[in-house]
Structure formats: structure tokens, C-alpha cells
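Residue numbers (numbering that gives the first Met the number 0), protein chains in the order written: chain H, 0 to 143; chain R, 0 to 143; chain L, 0 to 143; chain A, 0 to 143.
To be clear, the hints were calculated from the coordinates, so they are not data collected in a lab. Possibly wrong hints are sitting among the right ones.
Note that the list lumps identical chains together, so a pair holds whenever it fits in one copy or between two copies.
Computed cross-link-like contacts, EDC-like style, restricted to lysine to aspartate or glutamate with a CA-CA straight-line distance of at most 16 Å [to be verified]:
| hint | residue 1 | residue 2 |
| --- | --- | --- |
| 1 | K17 | D140 |
| 2 | K17 | E61 |
| 3 | K69 | D98 |
| 4 | K93 | D114 |
| 5 | K17 | E32 |
As the structure is a computational prediction, the values presented were derived from the model and not from experiment.
There are 4 protein chains.
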Amino acid sequence: MIEIKPYERDVFYYETDKMGIVHHSNYIRWLEEARIAFLERIGLPFEQLEALGLMVPVLHVEFDYRLPFKFGDRFRVEMSISKFNGVKMNFEYKVYDVDTDELRGGGKSEHCFTDTQMNILRLGTQRKELYAQMCEAIGWDPTK
Amino acid sequence: MIEIKPYERDVFYYETDKMGIVHHSNYIRWLEEARIAFLERIGLPFEQLEALGLMVPVLHVEFDYRLPFKFGDRFRVEMSISKFNGVKMNFEYKVYDVDTDELRGGGKSEHCFTDTQMNILRLGTQRKELYAQMCEAIGWDPTK
Amino acid sequence: MIEIKPYERDVFYYETDKMGIVHHSNYIRWLEEARIAFLERIGLPFEQLEALGLMVPVLHVEFDYRLPFKFGDRFRVEMSISKFNGVKMNFEYKVYDVDTDELRGGGKSEHCFTDTQMNILRLGTQRKELYAQMCEAIGWDPTK
Amino acid sequence: MIEIKPYERDVFYYETDKMGIVHHSNYIRWLEEARIAFLERIGLPFEQLEALGLMVPVLHVEFDYRLPFKFGDRFRVEMSISKFNGVKMNFEYKVYDVDTDELRGGGKSEHCFTDTQMNILRLGTQRKELYAQMCEAIGWDPTK
Chain H
0 MIEIKPYERD VFYYETDKMG IVHHSNYIRW LEEARIAFLE RIGLPFEQLE
50 ALGLMVPVLH VEFDYRLPFK FGDRFRVEMS ISKFNGVKMN FEYKVYDVDT
100 DELRGGGKSE HCFTDTQMNI LRLGTQRKEL YAQMCEAIGW DPTK
Chain R
0 MIEIKPYERD VFYYETDKMG IVHHSNYIRW LEEARIAFLE RIGLPFEQLE
50 ALGLMVPVLH VEFDYRLPFK FGDRFRVEMS ISKFNGVKMN FEYKVYDVDT
100 DELRGGGKSE HCFTDTQMNI LRLGTQRKEL YAQMCEAIGW DPTK
Chain L
0 MIEIKPYERD VFYYETDKMG IVHHSNYIRW LEEARIAFLE RIGLPFEQLE
50 ALGLMVPVLH VEFDYRLPFK FGDRFRVEMS ISKFNGVKMN FEYKVYDVDT
100 DELRGGGKSE HCFTDTQMNI LRLGTQRKEL YAQMCEAIGW DPTK
Chain A
0 MIEIKPYERD VFYYETDKMG IVHHSNYIRW LEEARIAFLE RIGLPFEQLE
50 ALGLMVPVLH VEFDYRLPFK FGDRFRVEMS ISKFNGVKMN FEYKVYDVDT
100 DELRGGGKSE HCFTDTQMNI LRLGTQRKEL YAQMCEAIGW DPTK
């Protein structure tokens, strides 16, 4: 499997809520930040996908909150692609505290591919070249 | 089961993203809006819970996106409590388009109860009065 | 001047920050919510403007924070158009606590009009019909 | 005047809106990100100020939008303290596109100091030690 530098950054003040911890909705945004950085690092920058008329909407997202992040913390997202078949692409995420290496939470997301009109695409048959490029970037063998 | 008026409102412009649809992270916020309105409507306003030193952090959240919402749409959240035992409280949500009554997505959330120091509480033994009040509000029989 | 029902709603939990008050950035979003409701109420719904290929980006925004809003509060935005000449449209806002009628803050925003390619439009010459409609909705005499 | 490394980062996907550009409210959040990084870099980390029971709420904020940022852009905030007297602290900001060095917008913010109960503090008389430390960090001569 490909080794990708994990995404990390400091918690923003405006991400906290009145409980004094990061509001749970923001983790869903962190997953997106990490996902976009991940795709860029494996050679599939989102801007390029969108320039090809490809959109990658979210079908499902979930997150398990173990320990809260606070302002002053720095988080790191380790992630991998758990499924890719040209119709769906799924990711798994683990979110760590950078200072302690403690696992603070984890999640999953499922995605499909559409054109700019939101019509679902089967990359294997409708965008063969891009599909081959993505398989290679991901380290996937499409013939299996 | 108790009949509660569903939560609804218009999509905000700032909730959209460059795909022209509501960004997926905002649905997680909609669930919170609906949850807080729901608790208020069954007689458990969040302000009152917090005034009692009770916090209700999120342990897990998930959402299935079927059809996107756009600016100009109005959404309605129908929800119910799927579990309550004084240690955990789980909710289920369905999100509809108000104009068409179309089901656009659905999700779940799991919560626990803590004091203001984030120590987990067992309401049944540690906050008996509040637990009885919550059971009654929810229409739950704690003796079962 | 036209009398328009002010925009109001409850503060959302996720709008608070670790100071326990509404994060200051959210007031800028409240102004947008109020502005869109205002335009709809005077007969210029944003969806319709966008359907005509018109975008109304923000050129300037400012806000004075007097007293913070907290979760549990309900806010009301009273606003008016302070300038409209077919090239720019400016608004002024006052934000009140609904329960106490206390003025909690106020702001301004400046906008221009563009086509979907972000080219600036002069409505008076380039979109005469829309300009006339807007002048009428706003109660503006374009001949002055 | 002190030379501080400007704050910069990539635009996040979720910061865009249906116009395809960064929603204007997010610039206000960028200013906060930059401000907190700035204070940390001059030796006044926000966590430390808050640990001392000091809060720094926003009294006023404004922003001029010249050219929009899009997803794929990277922004840089150059900023300075325009006023500091122990009662108020004002900042000025310029936001540049990192790739082109183009000035895309600029803004201002005004702040006061309060204790955790939101009572306004005069640092010069009520928190003399901290005031001296801040003056030194900022490069301010309090005797002038």
C-alpha cells in the first residue's frame, strides 16, 4: 500500500463550541481536508478531477468520537482507501492528537463519481483513461 | 410514541459549496438543530440541562446522503429517540424536502451524559430526579 | 420606505465558541440570512436573481459587536437598503435580542452585481427590465 | 516594527459557496486564524492568555473584498497591530494570493480584554505584569 504523509494542522479557535471542545460537525470537515490532501499527494488533485468535469459527492459519512480536541491541540489524520471500483470510492480515517499520538476518533466516508450535472459515472467504462490513472495512483489492480 | 412537530427551515446560502449543493458537513449541524428543537418540544430544553450541569456530547454520528439539497429548498427533519437508558441516548433522523415530501437523507447520532468536567454520568443512579423527568418526557418506562 | 417583517431565529448551539458566546464570524452569516429573507420579502428572491444569471457578491462588510449573544437567545435583524444605483447595493443592519429588544450589534454590507462569469454589471444600462423591477421593489425612484 | 512570518494555508473545499468562490464570511475566520498565529509568534499564545483568565473578544470587524479566492488557491495574511493601550488592541490585515502575490482583500479588527466573566479589563492597571509582557512582545513603549 502507498505510504502518504498524513494531514495535520492546529485546531482553530472558531471550531470550538460552548462545551470548550471542537464541535463534532467540524470533524467531518477535517476528513474532507485530509481527503483532498491525500488525493493530491497520490497524484489526483481535486482541482484536476474537477477540471475533467468530475465531481465526487459524499454518499455516507460516519465518525466515532473518543476523546475531544480542544483549542491548542494539533490533529493528524491517517487515512486509506478501503474501496475503489470506478463507481464508488470509500475512505477510512483515524484522527490522532499530534502531541500525544493518542487516537481521538475515527470515521468512514463513501463517495461516488458524477459529471457536473450530478449524473452518476462508471469510470471503468465511461472515463477509461482517468480510471486507469486513478487505479495506478491508488495502487489498485483493476483486473482483479 | 410521542408526536413532536418536526423541525424545518430554509437552506442558507452559505451552506452551499462549489458543487452548488449543501455541503455534506452541514447536515450534521441540521441534526443538532433538530435535536435541540426536539428536546425542547418534549420538555427538556438544552439550556435547562446545561443549567443543571449536564452536557450531552456526541459519541457517534452518521448520515446517508440520497439526494442533495440546494439553495431555495426547505428541509424538514423527522426524528425519534431510538435508545435511552440514562447512560446513552441515541437518535434517528430522516430529512425531507418540504416542498416535495421526498426523503433526501437520514442519519443517526449517539450521545452520553457528562458533568461540566466531562466525567461520564449514569443518570439513573447519579441524577435520579432528572432521569425520572427525562423518562417521563421521552415516554420511556425505566422499570422495563 | 417599505415596511418589511424583520428576520429572526434562535441561536444555534454550533454557533457558539469556547468563550460561551456566538462566534463573531457568525454574525456575518446572520446578515446574509437576513438579507436574503429581506430581498425575498420585497419581491426579489435570490433564486430568481440567480436564475436571471445575476450574482450579488459582497464588496465590503463590517460589524460592531456591542453585547454577545448566547445559546438560548433569539435574534432579530432589522435592516434597510442604504444605497442602490444599479451598480452597487448597500445595506444596513441592526441586530436585536428578541426577548429584551436590546440592540446587540449592527453592521453594513456593500454589494455589486455580476454575471455568472463575475463580470460587473450596470443594471441601469445592461439589465434595464430587472433594474426597473428592482427599483420598484425597493421603492426607489431611478429618475432622481 | 517586529517582523513576523505571515500566516498562510490552502483554501478548503467547504469554504466555497455556490458562486464557486470562498464565502465572504470565511475571511473573517481567516483573520482570526492569522491573529492567533501572529500572537503566538510574538510570544503571546492565546492558550496562555486564556490560562491567565484573559479573553479577547471582538468589538468590530470589517473586510474589503477585492478579488475572490477559489478552491485550489493558497492565501497569505500579512498583519500588524495598529493600536494597543491595554484597553483595546486593533489589527490590520492584508490577504494575498500566495501564487501571484496579488492583494485580494484587507480588513481590520478591534478587540478589548475581559476576564472570564466578560468584565472589561484595563491591563495597564489591573494586569500590570501581563501588560508589560505584552508591550514588550508587541514592541510597544508604554511610557509614550
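Against the structure, the hints:
1. In this assembly of identical chains, the alpha carbons of K17 and D140 never lie at most 16 Å apart, being 48 Å within a copy and 32 Å across copies at closest.
2. Neither within a single protomer nor between protomers do K17 and E61 lie at most 16 Å apart by alpha-carbon distance, with minima of 23 Å and 22 Å respectively.
3. Within a single copy, K69 and D98 get their C-alpha atoms as close as 12 Å, which meets the 16 Å cut-off; across copies the closest is 32 Å, which misses it.
4. For the identical chains of this complex, K93 and D114 are neighbours neither inside a copy (30 Å) nor across copies (27 Å), given an alpha-carbon limit of 16 Å.
5. Taking identical chains as interchangeable, the C-alpha atoms of K17 and E32 lie at most 16 Å apart only when they sit on different chains, with a minimum of 15 Å there against 24 Å within one chain.
Figure legend: structure checked against the earlier numbered hints; hints not met, in rising order: 1, 2 and 4.
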